[in-house]
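Chains as they are written, first to last, in my numbering: chain E, 1 to 502; chain V, 1 to 502.
Bear in mind the hints are in silico, worked out from the structure with no lab data behind them. Treat the hints with care, as some may be off.
Since the list can't tell identical chains apart, any single copy or any two copies may satisfy a pair.
Derived pair list, reagent style DSS-like, types lysine-lysine, alpha-carbon separation capped at 27 Å [to be verified]:
(1) K50 <-> K13
(2) K330 <-> K139
(3) K63 <-> K50
(4) K140 <-> K429
(5) K167 <-> K139
(6) K104 <-> K176
(7) K50 <-> K139
(8) K205 <-> K140
(9) K324 <-> K167
(10) K324 <-> K383
Number of protein chains: 2
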Amino acid sequence: MSDPFARLNTLLKHQHVIDSVDGLLGWDEQVNLPPESADFRAEQMATMAKISHAAACDPEVGKLLTELESQVDALDEDRRAVVREARKDYDEVTRLPEEFVEEKARHSSAAYHAWHEARAARDFPAYAPFITKHIELAKKEADLQGWGDRPYDYMIDQHDPGFTAAKIDALFAELKAGLVPLVREIDAASANDGPSPFRGFPIGKQREFLEEVTAKLGFNYQRGRIDVSAHPFCSGNGADVRMTTRFQEDEPMDSLFSSIHETGHGLYEQGLRREFHHNALGEHVGMAVHESQSRMWENQVGRSRAFWRFFEPRFRECFHEQLKDVSSEKLYREVNAVRPTLIRVDSDEVHYNLHIILRFEIEQALFAGTLAVTDLPGVWNDKCEELLGRRPQHDSEGVLQDVHWSGGAFGYFPSYCLGNMIAAQNWVKAREALPDLDAEFARGDFSSLLDWTRREIHHHGRKYPTLELVERVTGRALSPQPLLAYLRERYGEIYLQSRGAD
Amino acid sequence: MSDPFARLNTLLKHQHVIDSVDGLLGWDEQVNLPPESADFRAEQMATMAKISHAAACDPEVGKLLTELESQVDALDEDRRAVVREARKDYDEVTRLPEEFVEEKARHSSAAYHAWHEARAARDFPAYAPFITKHIELAKKEADLQGWGDRPYDYMIDQHDPGFTAAKIDALFAELKAGLVPLVREIDAASANDGPSPFRGFPIGKQREFLEEVTAKLGFNYQRGRIDVSAHPFCSGNGADVRMTTRFQEDEPMDSLFSSIHETGHGLYEQGLRREFHHNALGEHVGMAVHESQSRMWENQVGRSRAFWRFFEPRFRECFHEQLKDVSSEKLYREVNAVRPTLIRVDSDEVHYNLHIILRFEIEQALFAGTLAVTDLPGVWNDKCEELLGRRPQHDSEGVLQDVHWSGGAFGYFPSYCLGNMIAAQNWVKAREALPDLDAEFARGDFSSLLDWTRREIHHHGRKYPTLELVERVTGRALSPQPLLAYLRERYGEIYLQSRGAD
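Okay, chain E solo, but in the shape it has when bound (with noise of 0.2 Å):
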């Protein structure tokens, strides 16, 4: 091997290829694993984490990246940044020593089980030593990853690097500023409006529908399936993405709109490119671009009134009789539905992003020692009343709800939001770029924009960190604005149509 950056490759190739496996043995944990085969799956996982971890840190990528490091020169913009990335990542990975990285394994799995029991029971303070345990490894973690005082921006920087705690809350406080009345003057309008009135749509029809529409909207399924898991998520690559989502009857619109998210990121992990799935140039960018695809093909476009005109002459096929009193404009309504609700996961398009704001505010505090462990039960409900206006009744529809923290994964929920606005903005760009989107979306042609986000976006990989990738695509610096404007569009054009000349 006289290559270095040949071999460098061939190296970062058997640690993707290895990856995948693992990769593939959690989505058969959520999907098939028998119930009494948990434990020889966990054995399974174990090893072959052990097995990843020798391959990440081979010392022979240490040696190639040092020597095409001394070379730069020589290298083009795409292989610097690939020797970047993969320097980052090797750094990363020999940091951190194997005792440490088998402690909070074991920390995370212990965690994970007690805020299961503690969800299950509302009893917050048997959690809260889970947490505080975490919070020191994360800080030890970046400390050994010399991030020394700055353990929350190490943490984001997992997720999306290139943000920061101080960016982020810039970004936030002026998507609150503009949110928080916004979200009140149509929590107002939609007030009177029930429960939803689907009832009764056969599965074996909602999973019919559901594969129409992804498939139309470029989901490849000669590369990739979806099946069912308790919580939808999409894993794999685009050699072959598997993605899930559950089924409920009375339902419909959630099995559907799961299925449209996990498809954003499908098609995000199809439109990278093959040849590179193992570096820089193949690999996604961050947290935060991966979910602005998930939420464009949900919300932007799955949301739209372009998209229905396509596809409710279908839906109606599918659901003749539970649909045959329900009028088109009901059922945009529905597909738009705001319903505010304490549990982030079931919560509107309206509300979500002051469910990542609340977290995002205590995550902060917390690192910052200005909040204690066991105060969070009470913060967290006087957060619920000033951002969404109610309070939780016990904590398992408080902090209780999500399973982030038991992992470990703090700076993970701001990705979410930065998601949700850099989806906007792209969306702002993309309908500038394509002026005839809504009468495609309206003929069933959603291949002009799934090209768009393969060139402007996909074909980038890795290669540009997310900021500087939003200001290539976009034309500018990554902003709220764009989200508060796209959420008063659409739901002002639903809810607050009377005031619409405000």
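Let chain E serve as the given structure and place chain V on it in line with the hints.
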């Protein structure tokens, strides 16, 4: 690590877990893989094969074995078996150079595709060179393994240690002598039976029924599942067994009995002692015994009158309309239908062993050099006429029908027939030991038979070689006579009853 036996087990367990991951990839490939994801799956499996090979060749295993062998008197009988079998595996895997393993894998892949195309095109000459090369590779492999001038014995040993071509030849000759006239008799008596009258059995109900049946037989769905694939198989291990079946509306007996067959394999895996899955005390002993388990549940149990006494009412409940003109006796005759076919996998129980004898005789001649690969089709067809009384019209229903040789799996076919012999011989013993079996089956209780197989067979894992295990279980050397007696009893009662006094 001061205890070499404990350390050996740690390493064997590591291998076992890696191999189980590879097994899951194989299962997923057959059950779930999107059509265009095959290339990436091949990369994943090649990577896992390398990792598995490295673990199996770990020099520390060799050192530990040498250390344990030097103090073998200090080991109890069980531990000696573990060391003995681990030594066999270790020597076999380390004797093959990596290049040879890769060459064989590459050739198997190419030969598989060549076989697939040749079968579709009915073009044996296109496939012949691949068989020739596989025979060369098999001879080279036998030589590398120290079997020198006995390559076919080596291939047989790979599937069923302790057997040789000479031993099988003697068993099969005795079987053939009794079987050919019996088959002629039954053929004559069943010649006027028409095709199956079964049509339009809804697949959902087929699935429901077979899951009830297989659960009732004792398959633990808490540690296993059944899915759909093109060809039924059973994979995984007792911690997580993955069986498959296939469905056609006009072939309810095919899905049912293939499921019961795979359930027999699954029950064996689930009966192996969990704490020893990674060593000789908890591994299966060979293909013939594996097949004896699947065959006993499929045939001796599943096609018995007692079994149908219990399940017929439920079967009629599931398929009331389809069975309304089918009497109980006609149903039982369909369960045990005798319809000669040139295709092994579609063969009834009566003719099946003749298909195997044909293949064994051909493999023997190929390896002895008394049959040239180019002469295979003619010899195959002649033997078909001799054994089955009919001649293939083209090679796709003759020599091209089986996948086995394309993977170099010579010496595998005999296991199927040996499995039938062992099943029948065990069955005699089980009925002596458990005189109430019929009554138990008729009330849907299969537990005493399952417990007996667990105690007598599964519990021993790979501790005793197959021929010794058979003697321990049944008190006599393996013989084809119990199989002949069983077939005469079962099929004589149905087809030759008027001549029962002969």
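Hint check results:
1. K50 <-> K13: Classified as both: same-chain Cα gap 17 Å, cross-chain 14 Å, threshold 27 Å.
2. K330 <-> K139: Answer is neither: 50 Å inside a copy and 74 Å across each miss the 27 Å cutoff.
3. K63 <-> K50: both (21 Å within a copy, 23 Å between copies)
4. K140 <-> K429: Cα proximity of K140 and K429: none, with 42 Å in one copy and 65 Å across.
5. K167 <-> K139: Within one copy only: 20 Å inside a chain, 69 Å across chains, cut-off 27 Å.
6. K104 <-> K176: Result: close neither inside a copy nor across copies, 34 Å intra and 64 Å inter.
7. K50 <-> K139: Answer is within: at 23 Å inside a copy they meet the 27 Å cutoff, but 38 Å across does not.
8. K205 <-> K140: Cα proximity of K205 and K140: none, with 51 Å in one copy and 57 Å across.
9. K324 <-> K167: For K324 and K167, neither the intra-copy (49 Å) nor the inter-copy (74 Å) Cα distance is at most 27 Å.
10. K324 <-> K383: neither (42 Å within a copy, 67 Å between copies)
The earlier numbered hints that this structure contradicts are 2, 4, 6, 8, 9 and 10.
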